[in-house]
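K.L.:
Using the sequences and the accompanying hints, generate a full structural model.
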Amino acid sequence: MASFVTKCSFCGFVIALVIGLFGFLTGDMVLYGLTGPVPVLGEGGYDVKDLVAPSASGTKLQVLAWILGQWRGGRIIRRALLNSNHPETLRQLSLQVDKRIPSLDMPIRRLSRFAVEALLLKCKLGDDDFKAAQRYADEERAQLAENPTQYLSQLDSSEYPYHTIEDYHRLYVSGDRTPTHVIKRVLAAVAELNPTIKAIQDLLPESVILSMATASESRYAEGKPLSMLDGVPFAVKDEMKIKGLPNLLGTNPEALLPGKPKAEKESDPVVQALLDAGAILLGTTTMHEYGVSPLGYNSWYQGPLNAFNTSYFTGGSSSGSATAVAAGLVPFAIGFDGGGSIRIPSSWSGVVGLAPTFGRVNFETGSTPVFSTIHCGPIAATVADAAHVLRVIGNTKHEVPHIYDRLYGPDGRPAVHLHALTSPQESRKVTVGVFQDWVRHSGPEVYRAFERTLGALRWSVYNFTMPNMGGQALSHALTISAEFAKVLDYEIIPRLEPGSQIQLGIGRDITAVEKLAMDRLKGWSMEQWTAVFDKVDAIVMPTLPLTSIPITEDSKAHGISDSPLFVKMMRYIWPTNFLGFPSITVPVGYDAEGMPIGLLVMCPQWKDDECLALAEQVEKAAESTAQLTDAQRQSAGNYDLKTMNVMPLTGIPLKLAAYAMTGTNFIKRTIRSLVAKKTFKDIGVPALKTFADTLEGRMKWPFYRLSKQASPSDAVDQDPSKGEDLTGPGPRPYYSIEDYHHAFLQGALDPLDVAGVVYNQAKLLNKSFHFMAEFADWQSIQQAASASSQRYKCGKPLSKLDGLLFIIKEEMSVEHLMELVGTNPRDKRNPRIGKFATKNDPVIQALVDAGAIPCGTSVMHEYGISPVGYNVWYQGPLNVHDRTRYTGGSSSGSATGVALGLFTFAIGFDGGGSVRDPSAWSGVVGAIATFGAVKFENDETEIFTTLHCGPITTNANDAAIVLSVMANTKNQGKHFYDKVYQGMFGVPMPKINFAPPCHNTFTIGYDTAWVHDSDPEIEAMFYEVHDWIQQQPGMAVFDKVDAIVMPTLPLTSIPITEDSKAHGISDSPLFVKMMRYIWPTNFLGFPSITVPVGYDAQGMPIGLLVMCPQWKDDECLALAEQVEKAAVGERRRPSENWIDTLSEL
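Note that the numbering used here gives residue 90 to position 17 of the sequence shown, counting from 1, and the numbers run on in steps of one.
The set of hints was computed from the structure by calculation and includes no laboratory data.
Careful: at least some of the hints might be erroneous.
[Unchecked claim] Once the Cα atoms are required to be at most 25 Å apart in a straight line, the calculated PhoX-like pairs of lysine-lysine come out as:
no.: 1; residue 1: Lys338; residue 2: Lys316
no.: 2; residue 1: Lys629; residue 2: Lys133
no.: 3; residue 1: Lys912; residue 2: Lys1052
no.: 4; residue 1: Lys297; residue 2: Lys257
no.: 5; residue 1: Lys204; residue 2: Lys608
no.: 6; residue 1: Lys204; residue 2: Lys470
no.: 7; residue 1: Lys641; residue 2: Lys133
no.: 8; residue 1: Lys588; residue 2: Lys122
no.: 9; residue 1: Lys1113; residue 2: Lys1064
no.: 10; residue 1: Lys901; residue 2: Lys1134
no.: 11; residue 1: Lys836; residue 2: Lys908
[What the hints assert, rightly or not] Here are the simulated distance ranges between beta carbons:
no.: 12; residue 1: Gln169; residue 2: Asp211; range: 44 to 50 Å
no.: 13; residue 1: Asp955; residue 2: Gly1056; range: 44 to 50 Å
no.: 14; residue 1: Thr441; residue 2: Asp955; range: 50 to 56 Å
no.: 15; residue 1: Gln169; residue 2: Val534; range: 29 to 35 Å
no.: 16; residue 1: Ile174; residue 2: Asp955; range: 51 to 57 Å
no.: 17; residue 1: Tyr224; residue 2: Glu295; range: 17 to 23 Å
no.: 18; residue 1: Glu212; residue 2: Ser500; range: 20 to 26 Å
no.: 19; residue 1: Asp826; residue 2: Lys502; range: 53 to 59 Å
No residue lacks a Cβ here, since even glycine has one placed at the ideal position from N, Cα and C.
P.N.:
Laid out in structure tokens, this is it:
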């Protein structure tokens, strides 16, 4: 009995636990159960985040669909997925909405009386926008009744890739072609192309289509066409009823829903309006099943496929309509748009897509009374074509007043008209709104096309912000999911595609409380966006944040479910669907693979004519800039850099690996040999050897002999360290060498006082940033600074560097200091400890002879082998912009000292970016001269063919000043490099010419695919800062260009992990990635310089690299100065970690 009671108690506990778990996961989450800070309505910056949900295709998708779509217990998991995206925050936000703001379901907004626009358009006093719209419509109807021919397009049809509605009409009016002839050719094209692109789902009988063409031909023969659309072929998304065809909405044609008619008895009023205008209907276009996926692919029909590349998605869900237009089968087609379903496929297919004001087009489908998000509109070849179609479908006929007319008011909706398009005000100044954080949240190629097009338009830009955008976007996503679930409540779930099963299942679990909260938030959102529209004519943004993606084999078989991707695709289109604003996408460019990019124009409700007028301006501006060049295509095809296949290590694994591979015993040597062979094979060394064997000639030292015509000695040289000022006027974030030089000359500052401040501040800051390896003795600094003071008082400074303290990477001999090369300073076994240099390296001595004062040596990564620059022995250096991040290396301490504002320059070495990497990550300038021009002397001189010595400075002119001294050491003509050059070419090595180039215009080259292989913020900044770069696209070789430009690094600084702090890091894939753009300088000896040009979202610096041919250092510096000037508005100091040395005095 006790055992039975125990078992019953256990079963009861399990049942209670399951019920409790079910209730917790599926029930409403209490408001105080928020994780993290409670959101505040109307406050905060850009907060859009990726959706949290599983992605699946193939077999995994089928299993997931059964669990989430069919299994009764799947509700627990579905609700958990919903909860992981915190829909409770929407409830919390809705409770904060002002009680005077009404909730909003159907987003129909009435036009205001006595609107400013109506007065500007010279309406009679007492008119309102509603009456003005009616008058414009009446006037247009009267004009068209007299003559239906009205051409709107401003494009050159001979140059445009598509035949437009106006082209068809022009041919018919002229008699060059007849509708019957054209339609027969169209049907032949459908038969030829549709088996591949799968755009057309069902065709009307050919006899029916040709009878429409014959009737149109008769009307043109009589000179009485019904409209501009008369005789023009079109197709309609399978979401709309067509008399004589099935209305499947993308479902399986082999498994019809019971009771579904095989053919519709009547056509939708929208279709009928087009037929009444004389347009010739071909049939229905393929769509994604029920339109629930923005990718648009339907596994039942194995399509549609993108007309630009049939291995890519078209976008959806009006995918077939967009493909039919993009393939040239029809000049326009009809689509529906509840979450971008017109605009997404239009953008990815390189055509125009218009989602008119909500309620503008009175379609009649099963979704009409339920959906608050769906718009019906045209997909067309041009903006003008979209306008012609809107004029027709906005005037449908109904037996009883339509629901949208009833919602607007007793007089029905405002009449459709094209006044802004047909009667443009030439002198009107257009102001558009841009939410910068929003538009930047896109791929680099997309953002670049957006910026380029916006720059080509003469529009004023009003930068606005929108709080709680993440909550608004989530509200739209959940709203449309719930509406889909409601409309399809009758559906038999197992007969659907797996992805559809999941989407509909999740929609059914959105609660009534959440829907009410979203309607409450929608009312508030309408007020916020309307307030922005009070200040602007339109809001512009990219249509999508990414270009089309390839269709995987798994997706072809069973489709795909990827809610995070779907929501990402709706990043810019949701305000139109959530709030009812009209918007239109216009093609403005192509990515590196040739896939189209769109720009979206969104206007206030009922301003569809203005939306079209502005879109036509975009279309015209983009006409000459949208084409992908042959050079860009070639660049994408040739690019072959890949990530290195080596396991990254840190912490204890790194320590164990180091122990196992270092040493001389047999086991360690064997391990080391096996790892090396495997690594070399993985990274392609055998293939490289095979390739090398096919080449003729060998080169160890990267020296090049100059021709007489190219010799730098032909120009008149100058010494920038002693000549006139190089630094032009304008704001600079740091004090320059010339700033100090003038202050010393004028007596405003004394070198000794400055030296004292710099020395003391360096010692203080070193405790926080760990950038100094060893300080010089203060007495020696004081003595040198005093001597400099005397020289300035006598008016005889040695150079502009006189009296300035600088630091030197711990890889170079500095008198009285140790050269530890980053090794452990506390390890008594270290043979370098206690060995002090007896003299300066010739480069350091040249700087000392110019009056500069060594302050000490800077920390570097041990032996300089890591580009992240962190040294575990010193626990630094740390990045001045964020001390939790790497500085970059290995001249990391030198870059930190300059970025802190302590030193105007520092010296570093660069064998794989070690000057330029830390300079870029620290937001300063790093320059290295032509290989061999700076003649340092250390243990690596006669070994390394990749090592350059160069300055890290605050600006390009300072780099020129310092390099002019470094390149004139006393060992000229006798150095190892001189001997090698003489032996190779039989002539002395040239010297760098520092004379300003005799020309100010440069031709520059860049490899688009190479630049593209970087983080999105890096690529976007590369193209954003220098418009002058974009004027010279193409393949870059030095016999065609003056310089090659690229990002300095493909990524911005990364955080230092706790494991890395303790034991360092070994991450060859990362290290090689960091050298992606800098290696040609080290491998081939070219001069290059990095200049800061911007910052990422975390405020970490971004650099741009300029590289010139050997011995063209003067041009490299001159170009860098141009970059610097172009980016000066972007440059800033590290706010909390910067020392204003002059203010200290």
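K.L.:
Given a hint of 20 to 26 Å, does the C-beta separation of Glu212 and Ser500 actually sit inside it?
P.N.:
22 Å, holds
K.L.:
Do the alpha carbons of Lys338 and Lys316 lie within 25 Å of each other, as the hint requires?
P.N.:
5 Å, holds
K.L.:
Given the range 51 to 57 Å, decide if the beta-carbon distance of Ile174 to Asp955 lies inside it.
P.N.:
41 Å Cβ-Cβ, so the 51 to 57 Å window is violated.
K.L.:
Does the alpha-carbon distance linking Lys204 and Lys470 stay inside the 25 Å limit?
P.N.:
Measuring from Cα to Cα gives roughly 21 Å; hence the hint holds.
K.L.:
Quick check: does the Cβ-Cβ distance between Asp955 and Gly1056 fall within 44 to 50 Å?
P.N.:
Holds, since Asp955 and Gly1056 (Cβ atoms, about 48 Å apart) stay within the stated range.
K.L.:
For the pair supplied as a hint, Lys641 and Lys133, confirm whether the alpha-carbon distance does not exceed 25 Å.
P.N.:
22 Å, holds
K.L.:
Using the Cβ atoms, figure out if Gln169 sits within 44 to 50 Å of Asp211.
P.N.:
Given range 44 to 50 Å: holds, Cβ gap about 45 Å.
K.L.:
Measuring from beta carbon to beta carbon, are Gln169 and Val534 in 29 to 35 Å?
P.N.:
Because 31 Å falls inside the window, the suggested range holds.
K.L.:
For a C-alpha distance cap of 25 Å, please report whether Lys1113 and Lys1064 respect it.
P.N.:
Holds. Lys1113 to Lys1064 sits at ~24 Å (cutoff 25 Å).
K.L.:
Holds or violated: Lys588 with Lys122, Cα cutoff 25 Å?
P.N.:
21 Å, holds
K.L.:
Between Lys901 and Lys1134, does the CA-CA distance stay at or below 25 Å?
P.N.:
22 Å, holds
K.L.:
Range hint 53 to 59 Å: satisfied by the CB atoms of Asp826 and Lys502?
P.N.:
54 Å, holds
Going down the numbered hints, you'll see the structure goes against just number 16.
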